[in-house]
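Please build the complete structure, drawing on both the sequences and the hints.
Sequences listed follow chains A and B, in order.
In terms of the numbering used here, the first sequence opens at residue 1 and continues consecutively.
In terms of the numbering used here, the second sequence opens at residue 1 and continues consecutively.
No lab work stands behind these hints, which were simulated from the structure alone.
In this text, a Cβ means the ideal position worked out from N, Cα and C, and glycines have one as well.
One side of the interface only, derived from the structure: several residues of chain A facing chain B at Cβ under 10 Å:
| # | residue |
| --- | --- |
| 1 | I63 |
| 2 | Y73 |
| 3 | T89 |
| 4 | I93 |
| 5 | T96 |
| 6 | K105 |
For lysine to any residue, the following SDA-like pairs were computed, each having C-alpha atoms within a straight-line distance of at most 20 Å:
| # | chain 1 | residue 1 | chain 2 | residue 2 |
| --- | --- | --- | --- | --- |
| 7 | A | K105 | B | I98 |
| 8 | A | K43 | B | Q94 |
| 9 | B | K93 | A | T48 |
| 10 | A | K105 | B | F106 |
| 11 | A | K42 | A | I28 |
| 12 | A | K80 | B | L167 |
For the chain B half of the interface with chain A, some residues (derived, Cβ under 7 Å), not all of them:
| # | residue |
| --- | --- |
| 13 | S56 |
| 14 | V85 |
| 15 | G112 |
| 16 | A116 |
For reference, the chains in residue letters:
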Amino acid sequence: MGEAVKKIFEIRIPGPVIGLILLLITLILLKRIKTKSVSNLKKEVADTSTYILRYLSFLFVPIGVGVVMHFSYLENNLSKVLFIIFISTILTIGITAFLMDRMNKIINKNDRKR
Amino acid sequence: MIEKDKLYSIWVYLQAEPLFWLTLTIGAYLVGDYFYRKSKLFPLINPVVIAITIVSLVLLGLDVSYERYFDGAKFIHFMLGPATVALAIPIYKQFRFIQKEALSIFVSLLVGSLFAIISTFTLCKIFEINDQLLFSMLPRSATAPIAMGVSDLIGGIPSVTAIITLLTGIMGASLGTFALDLLKLKDMSARGFGLGLAAHGLGTARAMSRNERAGVFAAVALGLNGIATAILVPLFLKVVNLF
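And the structure:
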């Protein structure tokens, strides 16, 4: 389904992510409808999803093997790559949390004024 | 001698069969899972790590190329697509939290996601990292199945992205809280959101273990940044290519 939409609209987003967004929208839209068939369907989707996600880690085995086989590819750049990941990750966490912290404070202040 | 020849011909037949590699992968995972349960769920004994080790040793020992192996294992790999779609369920379950603080979540998400992408890009350029590796690194703050999908799309190597995403998660989860303490941030939702956005699943697990509220916001950030990264990375590359 996601792959189909991707082909139709020619967007450069991975098909599964489009599928994820579509499913999310569908679930939100269905929130208001509380008939029996809909809730049954929702339960089925949720059950299947939970089942797949429980074995999510297993699905990474083939890629993990690829990592071992491709490790020489990273070797030459390993220290650089580690440094980049370190700096960028720490800064991203700091900036994101800082921004949200300040925004929450401003919003809370406004709430109290009201 | 005849016996040996016979055995060898069976082996040649078997190893050409993609299903053999599929079976090996499942078998290796079951072995890993068995030890994991035996060790009473001790976190260092990870079934995935054990399975990867077993399969890699078999491939290296028998001198089988990764491409040959992947021909069989791609059936497992294919399941990552539906699994990504299934991530909609946990995001949906957190939906009421998103609605309440929609504005600060949206702004933090946009800025954080863009910062992760732009800082990675800039640092890669400074350190003269080649394009293929750069493409493999760009989506690294998204959760692994999404990061790999994006990487594949923009010309990176998905398996390299997998290890980079994993390293990102480990660094974020182990060192991220120091950064948050340094900034003296006490708002649990903000701390969780930062960890989940930058360090996906591992950051979320870390936040979850410290504080429930932080864990919920980390999970929200993990899901939303998966979507945001998938949209922003290709967009960002398009903009960069204009110059």
